[in-house]
Amino acid sequence: MSLAARVEEKLYQNRYLVDAGKPHIAIRPHEKPSENLLAMTHICPAGCYSETSSGQVEITPDGCLECGTCRVLCEASGDITWNYPRGGFGVLFKFG
Amino acid sequence: MIEERFDAIVIGAGMAGNAAAHTMASRGLKVLQLERGEYPGSKNVQGAILYADMVEKIVPNFREEAPLERHLVEQRFWMMGDRSHTALQYRNDDFNEDKPNRYTIVRSQFDRWFSKEVQAQGAIVICETTVMELVSDAYGKVIGVRTDRRGGTIFADVVVLCEGVNGLLGTRAGLRASPKPEHVALAVKEMHFLPRETIEARFNLRGDEGVVVEAAGVISKGMTGMGFVYTNKESISVGMGCLVSDFAENKDTPYGLLEAFKNHPSIKPLLEGSEVKEYAAHLIPEGGYNTIPELFGDGWVVCGDAAQLNNAIHREGSNLALTSGRLAGEAIFQIKSRKEAMTKQNLALYKKLLDDSFVMKDLKKYKDMPALLHANSQNYFLAYPQLVSKAMENFLRVDGTPKLDKEKATIGAFIKERKWSGLFGDAWKLARAWR
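Each protein sequence line maps, in turn, to chains A and B. Residues 4 to 99 in this note's numbering are what the first sequence spells out, letter by letter. Residues 3 to 437 in this note's numbering are what the second sequence spells out, letter by letter.
Please note that the accuracy of each hint is not assured.
To be clear about the criterion: a stretch of chain B counts as covered by chain A if any three or more of its residues have a C-beta under 8 angstroms from a C-beta of chain A, and this derived list gives those stretches [unchecked claim]: (1) 184-194; (2) 242-253; (3) 310-317.
Everything labelled a hint here was simulated from the structure, so no lab data went into it. All C-beta atoms in this analysis are idealised placements derived from N, C-alpha and C, irrespective of residue type, glycine included.
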């Protein structure tokens with residue numbers, strides 16, 4: 004079993020209140036991803052970032068753990084815009 | 003949403019925020035605390051170890067009320083080889099004292115309790131509210147916050163920023179820079195549930211005794227990082243963290259690293275048969291003293307992780323957050339009692355109190371450690387642990403080789419890897435940075 008499959012199983016344990024249609028992270032449109040943006044396809048602990056067949060990086064932030072790693076790596080260069088989800092939305096830790 | 007004006011607005015209901023809000027509200031200040039989670043603690047992630055002394059200074063009888071897991075009687079440091087570990091282990095029955103020094107906790111539960119204490123002191127706590135930006139006057143003084151609620155601008159004399167390592171407000175307002183990838187570690191953690199008798203048997207515990215395992219070595223694949231195993235009453239917290247810059251370079255996945263750690267032959271038997279109920283991730287400020295930003299200004303102070311107040315060497319963070327929040331609250335109370343304004347000049351009192359406390363003294367002591375470990379991570383986290391493991395194996399495996407030959411082989415392996423100059427250099431640099 005691939006590790007990518009395993010992270011989805013991990014996220015399945017968590018509680019989320021997804022703010023449908025209002026993603027809190029967005030990627031700037033690009034032809035070729037920067038090195039840091041590409042690195043997010045490995046580093047994101049929720050596996051939110053993936054590479055498309057044509058080589059761009061896309062994001063599905065539903066499983067986001069709100070850690071901020073992508074912000075630290077990709078916000079300064081303008082690769083992404085990052086906000087916290089609206090109050091009450093996003094991941095809800097029972098144990099934390 | 004709220005028309006009245008507050009003495010202080012506290013952003014966030016983590017350790018720093020709750021400490022600050024409790025300190026100010028218990029002294030009669032009008033405090034509003036804003037938290038973006040569904041309930042206080044629902045966005046907070048920690049290992050988690052609680053240091054009693056720092057809580058006691060805020061809620062003296064917390065042991066009777068707070069949801070605590072186990073008090074710690076034993077600490078294990080494990081240097082991990084590929085299939086081995088070399089341990090430094092300390093256990094002391096004196097830690098079974100009336101008022102134990104350290105506990106494991108479950109953060110979401112602890113924070114929920116702590117917030118009730120804060121509310122009991124008279125602070126108003128509003129959850130499910132994300133603060134969007136700080137509001138300043140024409141002179142740049144912070145005078146309030148704008149939230150994501152309708153008509154959500156609220157005013158106060160001072161805003162206490164306890165927004166955590168990934169705080170957006172202070173950075174967006176230009177009060178401090180965002181953390182750099184080499185100054186924060188990304189940690190992932192799972193909660194493994196087991197019957198308490200099983201945990202007690204596996205970790206050699208009686209009753210509410212607890213054990214901490216901190217593990218470093220080949221598990222981080224040469225990156226600056228650590229793994230941990232903390233015992234709770236009916237669960238085990240297992241996690242693994244490395245610097246974000248190292249992750250970016252190595253292209254490892256954090257969950258892949260955690261899986262490998264859990265499957266290490268030294269860890270696996272401890273977790274066997276457990277049920278995983280949560281997976282979390284969090285950044286940890288690791289830059290230390292040299293990365294602490296400006297801590298105060300006109301109408302604002304910053305505490306805890308948002309201010310990079312974390313002692314990476316001793317794995318202490320929550321106590322620095324508790325202390326900085328409490329001292330910020332005390333400084334604000336003192337200024338308020340003198341009927342003075344929350345200017346930068348007056349709020350410098352917070353920094354003075356912090357400088358006089360263990361928080362800044364400890365961080366200053368280790369100011370060179372983060373950079374040293376980062377620059378030498380391949381040696382400290384990969385080469386040496388492998389060499390130590392081989393040396394221990396040579397020492398213990400009885401196979402008819404004369405001991406002198408074994409010693410020569412061990413020393414030879416160290417010299418081959420690092421040369422004499424490298425070995426002495428590494429030891430010297432470590433000793434200097436530790437001092």
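Here is what the structure says about each hint:
1. 184-194: Per the Cβ count (5), the hint holds.
2. 242-253: holds (count 4)
3. 310-317: Our answer is that it is violated, as 0 residues pass the Cβ test (under 8 angstroms) against chain A, missing three.
The structure does not agree with numbered hint 3 stated previously, though it agrees with all others.
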